[in-house]
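Student: Between the sequences and the hints, there should be enough to build the whole structure, so can you do that?
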Amino acid sequence: DTGVSQNPRHKITKRGQNVTFRCDPISEHNRLYWYRQTLGQGPEFLTYFQNEAQLEKSRLLSDRFSAERPKGSFSTLEIQRTEQGDSAMYLCASSGWQAAAGANVLTFGAGSRLTVL
Amino acid sequence: EDQVTQSPEALRLQEGESSSLNCSYTVSGLRGLFWYRQDPGKGPEFLFTLYSAGEEKEKERLKATLTKKESFLHITAPKPEDSATYLCAVQAKKAAGNKLTFGGGTRVLVKP
Chain A
1 DTGVSQNPRH
11 KITKRGQNVT
21 FRCDPISEHN
31 RLYWYRQTLG
41 QGPEFLTYFQ
51 NEAQLEKSRL
61 LSDRFSAERP
71 KGSFSTLEIQ
81 RTEQGDSAMY
91 LCASSGWQAA
101 AGANVLTFGA
111 GSRLTVL
Chain B
1001 EDQVTQSPEA
1011 LRLQEGESSS
1021 LNCSYTVSGL
1031 RGLFWYRQDP
1041 GKGPEFLFTL
1051 YSAGEEKEKE
1061 RLKATLTKKE
1071 SFLHITAPKP
1081 EDSATYLCAV
1091 QAKKAAGNKL
1101 TFGGGTRVLV
1111 KP
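Chains as they are written, first to last, in the working numbering: chain A, 1 to 117; chain B, 1001 to 1112.
Hints are supplied without guarantee of correctness; some may be wrong.
[Stated by the list, open to error] Mimicking SDA-like on lysine to any residue, the simulated pairs with C-alpha atoms at most 20 angstroms apart in a straight line are:
#1 K1063(B) - P8(A)
#2 K57(A) - K1094(B)
#3 K57(A) - D1002(B)
#4 K1063(B) - A1053(B)
#5 K1042(B) - P8(A)
#6 K57(A) - G1097(B)
I should point out that these hints are in silico values taken from the structure, not numbers from a laboratory.
Tutor: See below:
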C-alpha cells in the first residue's frame, strides 16, 4: 500500500469554474476526512465519512462544496463556482489502527493545491 | 468548541540549540493529543499521540509531554533536517470518528 493518494496535486482555475479533487485512501481504512489548509495556518476540518456515509460536515463547507464517497472507497470533493477565497491546500486523510502508536492515526495525503485566479 | 493554540508561530535555531514548542488546548474531554510534522508542499506526518497528563513519548531528537492544559514538544540538539512545521491537534471524546482539531503550527528553521 502506498498510502493516501490525491489528484490532481495542483489545480489553477478561473473564478466561477468548477473543480473536483479525488482521494484514494489506504485500502483497509473505512474512515476518510477532508481538511483545508491555507498558507501559514493549520488544517481545518471540512467533512468526514465512515464507509459511504457522510457523518459530519463543518460550517466551513458551504453549499458550493460537495463531497462524496460512493462505494466507500475513493472520495471526491467538488467546489462549484470557485471564488478566490477557495484558494488553499485540500488535504485528505484516512484513519486506522497503528499498533506502534497504540492509536487510531490519521494518515494524510500530499494534498491538492487549488489556486483560483 | 475545541481550541488549540501553538506558540511561537516561528522559531529559528542554530544547529544543536535545544528548544521547546508549546501547544495549549481546551477540549470537552480529551481522547488524545497528537503531534504531526509537515514539510513544505506535503501532508502532515504523524509523530506522537499522548493520552493522559504526565505521559511522555520520544523519537530521536523529539520528546513530547502532556499536562492537563498543554503539551510541549522538546527538540534536543536539532539538526537542519528537523526544519519543518510542527502541528499539534486534539481529539475530543465526542469527536466524530477520529476527527482532529489542529493548531496553527510552529515553523521551525534549524540553521547549520
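Student: State for each hint whether it applies.
Tutor: Each hint, compared with the structure:
Only pairs whose Cα atoms come within 20 angstroms are accepted, and K1063(B) paired with P8(A) is rejected, the gap being roughly 35 angstroms. With a C-alpha separation of about 15 angstroms, the suggested pair K57(A) and K1094(B) falls inside the 20 angstroms cut-off, and the hint holds. Between K57(A) and D1002(B) the CA atoms are separated by roughly 16 angstroms; this keeps the pair inside 20 angstroms, and the hint holds. At roughly 14 angstroms between alpha-carbon atoms, K1063(B) and A1053(B) fall within 20 angstroms of each other, so this suggested pair holds.
Only pairs whose Cα atoms come within 20 angstroms are accepted, and K1042(B) paired with P8(A) is accepted, the gap being roughly 13 angstroms. Of the pairs offered as hints, the one joining K57(A) and G1097(B) holds, with about 12 angstroms between alpha carbons and a cut-off of 20 angstroms not exceeded.
Against the hints set out earlier in the document, a violation occurs for number 1 only.
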